[in-house]
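Enquirer: These protein sequence lines map, in sequence, to chains A and B. All the letters of the first sequence, read from the start, carry residue numbers 926 to 1331 under my numbering. All the letters of the second sequence, read from the start, carry residue numbers 926 to 1331 under my numbering.
No false leads were slipped in.
No distinction is drawn between identical chains; accordingly, a pair holds when it is met within one copy or between any pair of copies.
Computed list of lysine-lysine pairs in DSSO-like fashion (alpha-carbon distance at most 30 Å, straight line):
(1) 944 / 979
(2) 944 / 1066
(3) 1196 / 1252
(4) 1089 / 1034
(5) 1046 / 1066
(6) 1066 / 979
(7) 1205 / 1183
(8) 1066 / 1034
(9) 1238 / 1205
(10) 1066 / 1036
(11) 1046 / 1034
Please keep in mind that the hints were generated in silico from the structure rather than gathered at the bench.
There are 2 protein chains.
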Amino acid sequence: MLIVQKYGGTSVGNTDRIKNVARRVASYHARGDQLVVVVSAMSGVTDSLIRMAKELMPLPSEREMDMLLATGEQTTIALTAIALHALGIPAVSMTGAQAGIVTDGVHTKAKIQNITPRQIKALLDAGNVVIVAGFQGQNSKGDITTLGRGGSDLTGIALAAALKADLCQIFTDVDGVFTADPRIVPSATKLDEISYDEMLELASSGSKVMQSRSVEFAKKFKVVFEVRSSLGDNPGTIVKEETANMEDVVIRGVSFDKNQAKVSLIGVPDKPGTAARIFKSLADASINVDMIVQNISHGSSAPSTDLSFTVDKAELLKATHVIGGLKQEIGFGDLLSDEAICKLSIVGVGMRSHSGAAAKMFEALAREGINIDMISTSEIKISVVIHVSKGEQATRAVHAAFLGPR
Amino acid sequence: MLIVQKYGGTSVGNTDRIKNVARRVASYHARGDQLVVVVSAMSGVTDSLIRMAKELMPLPSEREMDMLLATGEQTTIALTAIALHALGIPAVSMTGAQAGIVTDGVHTKAKIQNITPRQIKALLDAGNVVIVAGFQGQNSKGDITTLGRGGSDLTGIALAAALKADLCQIFTDVDGVFTADPRIVPSATKLDEISYDEMLELASSGSKVMQSRSVEFAKKFKVVFEVRSSLGDNPGTIVKEETANMEDVVIRGVSFDKNQAKVSLIGVPDKPGTAARIFKSLADASINVDMIVQNISHGSSAPSTDLSFTVDKAELLKATHVIGGLKQEIGFGDLLSDEAICKLSIVGVGMRSHSGAAAKMFEALAREGINIDMISTSEIKISVVIHVSKGEQATRAVHAAFLGPR
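Produce the complete structure using the sequences and hints provided.
Expert: Next comes the structure, spelled out in structure tokens:
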């Protein structure tokens, strides 16, 4: 089998951990697999490089930051290759550029344009384990670029696509994807499999096992991958295209996000372009908006409506400032904000073919006496905003209703 | 003017020092010079990378060591470029590979084969300061290679040659080349200029301002360079081809090396091939031999001679072990070794045209009652081995005899 494995910064955080990674790779090599190993920078290294750059200049050049940060992964690939040599395994390290990873020219958040894995293949065929620096590539001019947050996962998945690998394993510090956060719901169980869309909805609902971007890439190129722990030998969660029997399960998991805050505009004049004006201003200020809820308008002569949305807690002040500046122009009534909220979501492709998921969720919350503040739904997700003090209780109640134990 | 400047690891040892380098580069940029700046890894970085590699394996792969160590200079180029940006100077960093430095395939001690400075030139012409990673290049396969000890000096001098630079400045932690070590001879003075050959003889006599290799490269490609301090603004020492008036000065400097030990073989049968056998064995054991002295043989029926040579103190044990193993085969009498020695040399191209330098040196030593143990001469150097306890006294006496003050 041709396997691509990706190990994050914690898994390669010091030379002892790199030895552990090498032992795991060696065990796959011993059973005859061909291996491409993608590694991140050792944990802490990237931060210390950023700190030095900021000592020189608050906003350093993005081209030079890429040049700087790429050294982190380059250090790890060399050390990982050496650790494999120590076990008698032939191994060759490659930077992103050497591995044939070509990106666009957008420094610090480059997009992969194409991968020419000719040299990787030649090295694999000669019996080597190939160690590739995650997170990096080069643009068409030969400048080093980096892929932004979650970039090493993306390198792993993109290489698996380019090499038509039989398996892609993302090693991380969790055992896989769970039906809920086990710290909140002790009866939460690890999922054996999950669809790309479910994984995406879970990721955007605060269960940050992986960045959405890598999952989207995997979905686009149909790369089946496994999220698993680098500590034990337990199988993880397989992420793949939705299959018929996946729909037998109504919901896959419950996710909980208490990092959100709510902004409400009361009495917004109901006329075309108002919402666009509001969210354009937020986007211009680089504020990410998650849920948006607007109900039907009321009043007949000068109809108005209430509009609510959620943002990251850290961006609440900035958001109310931006919206406050629009008060005259738009002419809404009050501007309210609330940090004491959380978002609870149920996710599952089965929802599409089974009615009643929403009702069952709302009943579970009602039984606990929990009031629902906002509701938003997608095809495979239902999210509610509730008071933050009720978040964990609600997560357990909803998990029990759908996923047991009863 | 097109100037190549090289800064060593101490000069870029932390972000404050990198800011100092940037300020100096900016002052040259302000007067309209085009600048290529070669930097080493921040002091300590290379050692810490080597330590991690050795934790994984005592003798790590040389290809992977090059991959690993090249990150040191790559970090510095990015930080230096950022420090220049902070001063408003346009600057672009380049790895050795990006700068077009192609080497042979001998990892950890690669030789530069050619440099294609097309991209550096384009960046200079666009008004940029170009920052190049010292010590590194790539081989024809695209693997990262490093140039070995003194590699960053070599990068600077090779780039100056390839770019036909008007000036090449090697910034270091000394003010230049002195007539003697100022710690030993307080009246020692900085030389304004010195010939390549003199610089080479001084380097090989313990005054390690630069590795011989870089000086040889500069001599071969006629690169005039200046060795100067990165701390002040004083001019340093210009190293260049010998000129007619250089010969007016009989000796350029006195150098002193107490890192040597002496090995003597007594009663070596005087027949062809003996010396070759001895020094081949030492070379096979990677032991560097410095001075070799053999006098005429004595005895008429079975003529024999005494042979002495010097090695680094650290290699004395290994050397006596190697030679001891040859005792039967060669059939010499005694094997003596002596660590309590030092080597004193006078160097100067003027020696060639002025007789009497040797006599003057030996007289100066005689006046101090210092016994000479071994003598060896080259065209522009006379070296003597004396007891280590007399080394500093002898250095001062010889310096006074040739270079004053009277």
